[in-house]
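Construct the entire structure; sequences and hints are all you get.
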Amino acid sequence: MPSVEPSIDFVILGAQKAATSALQGALRAAPEIAMPAGESAFFEDPDFGRAPWLGFAQAHRGAQLRGIKRPDYLCSDEAIARISAVLPQARFIAVLREPVSRAVSSYLYLVRHGHLPVHGLDEGILRSIEAWRAGRGDRAASVISYGLYGQYIARWFEHYPRERFLFLPQTLVSKDPQAALAACRRHLGLAQEGQSLAAQPIERANEGLYDIGLLPYARLASLVKTRPIAGTYRREPRVLPVRALGAVMSRAVEGLARWRGQERPRLSAQTEAVLREIYARDCETLRGLVAPEVIYWESARA
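Residue numbering for the sequence shown follows numbering that gives the first Met the number 0, beginning at 0 and increasing consecutively.
If you are wondering where the hints come from, they were derived from the structure by calculation, not from laboratory data.
Because the structure is a prediction, the values reported are computed rather than measured.
There could be a bad hint or two in this list.
As the list claims (entries may be wrong) - Taking CB as the label site, the calculated pair distances span:
1. L53 - L244: 34 to 42 Å
2. V273 - D46: 43 to 51 Å
3. P227 - A190: 38 to 46 Å
4. R60 - A229: 28 to 36 Å
5. D46 - E162: 35 to 43 Å
6. P227 - A279: 29 to 37 Å
7. P116 - G287: 20 to 28 Å
8. A153 - I228: 25 to 33 Å
Glycine residues also receive a C-beta, built at the ideal position from the N, C-alpha and C atoms.
Structure below.
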């Protein structure tokens, strides 16, 4: 069923919560590139069975390059198997973020959007570690597993040569966005132009909510806006009137969070130490796969 036609030329793989929306916004603005807004769950159920990449390719036959973004793909065995079968000639871009802070952001995001129940930060992270250690493939376990970059990049390299991948540190995207964009254009074989990544907006949907006291209300708003997709861990928008009510609720919570002045919650020293040990072991693998400057968090702690 999957086609090996060059329907998609590149994929922004991830990582989660690593400013990939900024890169996507700039690349979408390039005249040579066709790229959908938001995330493309083409290689997840139930979308995969409909082969949506074929319709996307047909709709943009005149584009020099066609790309998609989905940060969940980087650390997903299912995505690796499906993408390598369908897109054998694709190139990939990944922005890596310090894994402990990524796990915290991922947990808060999943709670906010109704994928996980509300717990205090330490309890939520410890429950996620327990789920991951138990080998569960659910959203809680993904809080941890999606930061195991070394483990999963090694699996990607079993299917594609290393030169197909561009790995960028999140610090480069945030501090020198123009250099990050230039690196992406080189990797994709595009001419260097005066396009500015700094001028591209990051989608509002990615605005973080870190106020623990407001998370239950944000979660309720998301549950009003969306409903579960049967047989998956994903959610989809409800019918318009209900979705609109949830959107109003979300904006109210976001506005209140800004008014209160958000501070990022901090893990206890004990919980943070457990996370750091998990990711330190993975970094032993990662060091042999990417350039040292990509693992910026190691040099920062040195």
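(request) For the range 29 to 37 Å, tell me whether the beta carbons of P227 and A279 fit it or not. (result) Holds - the Cβ-Cβ distance for P227 and A279, about 35 Å, lies within 29 to 37 Å.
(message) Against the range 35 to 43 Å, how does the distance between the Cβ atoms of D46 and E162 compare: consistent or not?
(response) Given range 35 to 43 Å: violated, Cβ gap about 29 Å.
(request) Using the Cβ atoms, figure out if V273 sits within 43 to 51 Å of D46. (result) Taking Cβ atoms as reference, V273 and D46 lie about 35 Å apart, which means the hint is violated.
(request) Using the Cβ atoms, figure out if L53 sits within 34 to 42 Å of L244. (result) holds (36 Å)
(request) Can you let me know if the beta-carbon spacing of P227 and A190 is within 38 to 46 Å? (result) holds (45 Å)
(request) Given the range 20 to 28 Å, decide if the beta-carbon distance of P116 to G287 lies inside it. (result) violated (38 Å)
(message) Between the beta carbons of R60 and A229, is the distance compatible with 28 to 36 Å?
(response) holds (33 Å)
(request) Hint says 25 to 33 Å; check whether the CB-CB distance for A153 and I228 agrees. (result) holds (30 Å)
Hint violations for this structure: numbers 2, 5 and 7, all remaining hints satisfied.
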